[in-house]
Amino acid sequence: MFRINDRVIDSEALKTAMADPAAGGFCVFEGWVRNENEDRPVERLEYEAYEPLCVTEGEAVLAEASERFGILGASCQHRTGLLEIGECAVWVGVAAAHRDEAFKACRYIIDEIKVRLPIWKKEHYVDGPSVWVNCERCSKHQTAKPGT
Amino acid sequence: MFRINDRVIDSEALKTAMADPAAGGFCVFEGWVRNENEDRPVERLEYEAYEPLCVTEGEAVLAEASERFGILGASCQHRTGLLEIGECAVWVGVAAAHRDEAFKACRYIIDEIKVRLPIWKKEHYVDGPSVWVNCERCSKHQTAKPGT
Amino acid sequence: MKSVHVRYFAMFREKAGISGETLQLDVETTSDVFEQTRDRHGSAEPSAHCKVAVNDVMANWQTPVADGDTVLLFPPVAGG
Amino acid sequence: MKSVHVRYFAMFREKAGISGETLQLDVETTSDVFEQTRDRHGSAEPSAHCKVAVNDVMANWQTPVADGDTVLLFPPVAGG
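Residue numbers (the numbering used here), protein chains in the order written: chain A, 1 to 148; chain B, 1 to 148; chain C, 1 to 80; chain D, 1 to 80.
These are calculated hints, taken from the structure and not from any lab test.
Hints are supplied without guarantee of correctness; some may be wrong.
Incomplete in silico selection of chain D near chain B, CB under 8 angstroms [said to hold, decoys possible]:
hint, residue
1, ALA10
2, MET11
3, LYS51
4, ASP56
5, PHE74
Heads up, the beta-carbon is just placed ideally off N, CA and C, and yes, glycines get one too.
Assemble the whole structure, with the sequences as input and the hints as a guide.
As structure tokens, this is what we get:
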């Protein structure tokens, strides 16, 4: 299930909901707010999202992962609003019979979430005005390898 | 840090201990006891380990992952003793600046842990006597020899 | 001329100073809407770096726009 | 002849019926210890599928064994 909202991510509850006696491997990715980006100290992040299409696209990404990798379950929650350094901005969990599918599906989901969902990130810096992250650097981000 | 013991794995505590303001990505793998193996229903698992060398090898694996992938932190806990279906047998967590290193290092650690550490797994079946499971790498040779 | 509801997000919204407006536009596709509102959303971004949706369905820059449609203009995304 | 402390684990321990013993063996390497205790640990496993440690340090099947050493015989591992 895909969710996007401004609530703190409860990773234990998300995991518990995925319990499956047929699962032998469980892979999680969490995106944390880090204290710098491209050598500039970051104070906090702000996420804006267009939630209706995030849910549609997010559910599509989870369904694709299920089909491609034959996993038992996948779940994702993304936050919106102001986040402090160290907070979890996005959580992806995948349960599978074996670890290979779990890792591959988890990576697929976070990679797709980052480039397909209408979500925007504003960095509030210690030393200057806030900046929408990809807007100033998108050419590089679009053509180069995925960042964090 | 690598730990091996018979205590229930507290994944939240393990994660909290890895908090790092420079981390943007956190990848976890959990190995869960699943209810069947090669089409035989499994009732529970029993892990035996030679703990002194597990710790030495486990710490070596974590150090290798740090060096190869330039991550910020890595941690692993493995259980011993009797485990029920659905319980977490092994937890691997990796914090890194970016997700690519986090995923690669996490996968490296669990792959190496499974083939290098002196840990043995006995499957207790619903329908017959218990059997020591052999490593994935050797499983083809083993399945040809029932009763060993 | 078509009546098109245009919505701006994130950087586009901040540059336009409004989150949306209804415009009378001579347009065939979403690409035309993007170009004709460029002075409003103020972006130097090429549309290839941006995304677009029509009536809450993800679209592309060749998607036709009909009278009364809502076109959502998304600057480069940065989820995760 | 060397006095060698041999320890058996998991399947080897169960087949030997003991977790370890001290044996007088005419051996040069860990491989010799593995072969000469095969009737005790009862395994048809080739040593290539197994692991060995000497005095709590991971070793290989060419590692020399000295008088008084402790050789740990590990059946195929299955962590995780």
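Structure versus earlier hints, numbers of those that do not hold, lowest first: none
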